[in-house]
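Student: As they're listed, the protein sequences go chains A and C. The letter at position 317 of the first sequence is residue 317 when you use our numbering, and the numbering goes up by one with no holes. The letter at position 148 of the second sequence is residue 806 when you use our numbering, and the numbering goes up by one with no holes.
Since the hints were made in silico from the structure, they are not lab data. Note that CB positions come from ideal geometry on N, CA and C, so glycine has one too. A couple of the hints might just be wrong.
Stated by the list, open to error - Facing chain A, a subset of chain C residues (Cβ under 7 Å, in silico):
no., residue
1, GLN677
2, VAL687
3, SER691
4, GLU698
5, GLN748
6, GLY824
7, GLY854
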Amino acid sequence: MSLDSKIPAGEISQKWTNYKDNCKIVNPANKRNIEIIVIGTGLAGASAAASFGELGYKVKAFCFQDSPRRAHSIAAQGGINAAKNYQNDGDSTYRLFYDTVKGGDYRSREANVYRLAEVSANIIDQCVAQGVPFAREYGGMLSNRSFGGVQVQRTFYAAGQTGQQLLLGAYQALERQVALGTVTQYNRHEMLDVVIVDGKARGIIARNLVTGELERHFGHAVVLCSGGYGNVFYLSTNAMGSNVTAAWKAHKKGAYFANPCYTQIHPTCIPVSGDHQSKLTLMSESLRNDGRIWVPKKQNDTRKAIEIPEEERDYYLERRYPAFGNLVPRDVASRAAKERCDAGYGVGTSKQAVYLDFQDAIKRYGKIECGKHGNHNPGDAEVRTHGLEVVKQKYGNLFDMYNKITGEDPYVVPMRIYPAVHYTMGGLWVDYELMTTVQGLYCLGEANFSDHGANRLGASALMQGLADGYFVIPYTIGNYLANDIRTKAIPTDHPAFVEAEKHVADRLTQLMNIKGKQSVESMHKRLGKIMWDKCGMARNEKGLNEAIKEIQDLRKEFWSDLFIPGEMNAMNLELDKAQRVADFMELAELMCIDALNRRESCGGHFREESQTDEGEALRQDDEFAYVAAWESTADDKWNLHKEDLVFDVVHLTQRSYK
Amino acid sequence: MEHYNMDLTLKVWRQKNAQSNGGFETYKVKGISSEMSFLEMFDVLNEDLIKEGKEPIAFDHDCREGICGACSMHINGQAHGPWAQTTTCQLHMRAFKDGDTIVVEPWRANAFPIIKDLIVDRSAFDRIIQAGGYVSVNTGNAQDANNIPIGKPVADEAFDAATCIGCGACVAACKNSSSMLFLSAKVSQLALLPQGDPERMSRVMNMVDQMDKEGFGSCTNTGACEAECPKGISISHIGRLNAEYVRAGLSGRKIAE
């Protein structure tokens with residue numbers, strides 16, 4: 001099958017308008033008879049399900065958590081971008097589009113990114129109308145801050161809890177639809193297969209995680225909003241339950257998986273403290289507005305941070321990238337931290353950490369505050385008191401979180417940070433309408449591949465999730481469903497449903513019957529270590545080939561020596577985990593294959609064989625300016641399909657933040 | 659901060675399912691690092707249980723960074739354990755010392771039936787929100803976000819209320835299992851903001867009505883909810899809720915109009 005991205009004709013700024021003017025629409029009387037299944041209730045899923053309900057469709061919304069409000073979008077800290085130009089600093093739709101394409105190292109699809117930038121302003125309007133309490137200035141206007149990889153202030157935020165506030169806005173819109181009867185909510189349910197009838201997605205098999213029962217659900221269309229797959233690395237900033245299962249089941253049923261090797265390693269996370277570690281915690285990128293990153297100039301320096309004088313500190317981001325300084329994009333900042341640590345300049349007991357220091361910001365803000373009060377010659381103590389107040393107001397919740405986890409006070413000593421897996425740019429391949437290669441099967445938010453190329457800029461994930469759910473899919477799904485108004489609900493005793501359910505039941509039974517010795521957690525940890533070591537921040541041909549072999553061996557071990565206590569037909573958290581990890585074991589191999597295939601460095605994908613003399617990522621545009629979309633074949637292998645990326649507007653250059 | 663290891667005795671509530679009777683089981687864990695989170699200590703215990711061929715202890719958890727509101731353990735008689743303004747996942751073992759005995763129970767409230775071990779059903783909270791915890795605005799062409807200025811103090815207060823994570827600690831901490839703090843946080847947020855104004859009366863009446871139907875008790879006015887809230891939501895929001903309720907009642911507003 002050839003890949004048709006269905007990009008509308010015309011000028012880039014007119015594509016979406018033209019599309020909306022010409023796409024098919026389902027009339028209200030027919031919408032009532034059309035059912036849509038939404039998997040996942042994060043920003044993309046909740047906003048899509050709520051919007052479908054508002055339009056009058058019959059919606060079923062599934063999440064594995066105990067409430068839609070707990071989806072991991074809730075944990076996003078820093079903010080959401082929008083081209084509002086409230087700051088009069090030269091922002092525009094074009095500039096947001098350009099920054100995003102460049103930030104993604106020229107590996108995203110122009111038309112999709114332009115549309116994203118175009119609807120970004122509507123998102124802020126919509127959220128404010130819902131009562132989302134964004135940060136404001138004293139005059140009552142919305143406040144903005146800076147994020148990495150851009151030179152304007154376009155990030156809207158709600159303290160360090162922007163994701164929480166946006167998700168609660170979408171959740172409340174969803175609950176309103178539940179009350180109105182348009183949406184039925186299925187909490188503690190996990191999708192375990194897509195049902196395909198006559199080549200079209202027509203339903204799902206879901207497991208009720210409380211009773212263990214398998215359920216069949218029909219839908220005229222199925223919309224996957226199931227998030228990213230960062231937990232393939234075991235340690236990541238994802239929630240413990242975040243998984244690839246829904247997307248992977250769709251992949252096995254014909255949806256191509258695009259650019260799986262594109263992983264975002266976030267530069268500012270709390271470092272690993274020991275083998276017991278179950279997850280890593282992000283310290284928001286917004287901290288790089290004010291925090292300065294440094295390591296000692298001397299290798300293996302064992303002095304405490306406060307004992308190292310200013311002239312013996314290396315503010316390596318400011319040194320290497322004077323134009324963007326501490327606010328370079330995430331991939332660049334992460335690699336720079338790794339480079340310093342690998343060269344022996346790391347700090348802390350593990351030596352796998354760098355400092356993020358707020359002392360200068362405390363002084364700077366303190367002086368400004370004193371000045372505001374007419375005190376132009378304040379003492380150090382007074383400056384510090386006022387400076388601490390400002391920093392506390394801006395980042396208090398993050399500092400508290402750091403303090404609880406590490407036992408150290410970041411107001412006094414610099415934070416220790418290190419990069420960690422945070423986001424996955426790869427995902428199911430979708431066309432301009434967000435449809436996968438399976439008819440009627442859509443994919444939104446982090447679960448798809450479309451907007452961030454090889455590296456996502458900060459505060460763009462929230463933007464994409466809500467753009468897809470509120471403003472894109474409500475239009476594009478109508479263009480498909482308009483042809484489906486005569487399709488009656490397919491009874492769930494249809495052979496396709498029976499067969500899919502049997503397939504799911506067989507796999508669960510097989511897992512329960514292994515009756516080996518090892519726990520899911522212990523094998524997941526081993527998988528994560530292979531991935532982090534060989535398909536992490538730096539990759540090379542030898543390592544990737546080794547990783548593929550190791551993953552295959554581990555998968556064999558998994559299927560022959562796993563032990564799951566408890567019963568299948570009851571709540572069983574070990575079984576839930578096991579079937580998710582089984583899918584990660586398959587995905588991991590594809591990630592390595594994709595990383596091996598892409599013999600260039602771009603964004604978060606750094607192939608050691610392809611770098612500039614200064615150690616920056618070196619793209620090979622002649623050979624690799626394409627989306628790698630992988631088709632799952634019957635013999636559990638993959639075929640590569642390429643979607644060539646055509647850049648009509650943006651000129652490809654070596655990305656520079658110097 | 660000095661790190662240390664500890665051996666602990668745990669008394670944990672085990673219950674097979676909603677229908678069965680539960681009871682405490684005693685477990686020993688050894689070599690727990692003071693750097694671990696409370697849930698990582700449970701991970702260690704669960705791995706030990708699996709090695710012995712036993713079923714691990716079921717507990718709700720997801721983000722493990724204090725924001726999703728899933729974790730819900732009652733630890734030594736306190737919702738989310740001994741640290742102030744801290745969820746169970748953010749509670750670290752530095753809070754305990756070698757030889758301690760720790761008692762862990764699920765949230766106890768009629769409106770939160772136990773599903774298994776430490777997991778309870780908090781869907782009552784979803785239904786309270788469904789009763790009116792939103793602004794009725796469809797997706798579409800909302801006016802420009804800066805058209806209605808909202809003063810920073812009001813915006814900040816609304817934000818403080820909106821930081822509720824819906825964990826249910828307020829209910830678990832209350833002698834009456836009242837959900838007034840949870841409910842008031844949403845009513846207060848939306849009553850403070852101009853966007854929430856048109857529906858403020860029906861919202862408060864319907865949400866309170868739903869709270870009563872779910873079987874949550876009345877407010878005790880003791881402030882236990884505020885003391886144990888991991889996000890430090892102030893009981894002043896309950897004050898605003900009461901004022902809103904009285905105002906709506908005096909206006910003759912009926913429930914579920």
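Student: Hint by hint, note whether the structure agrees.
Tutor: To see whether the hints hold, each was checked on the structure:
1. GLN677: violated (11 Å)
2. VAL687: Violated - the Cβ of VAL687 (chain C) stays beyond 7 Å from chain A, reaching only about 11 Å at its closest.
3. SER691: Holds, about 6 Å.
4. GLU698: At 5 Å from the nearest chain A Cβ, GLU698 (chain C) passes the 7 Å test, so the hint holds.
5. GLN748: Since chain A brings a Cβ to about 5 Å from GLN748 (chain C), closer than 7 Å, the hint holds.
6. GLY824: Interface hint status for GLY824 (chain C): holds (6 Å vs cutoff 7 Å).
7. GLY854: holds (5 Å)
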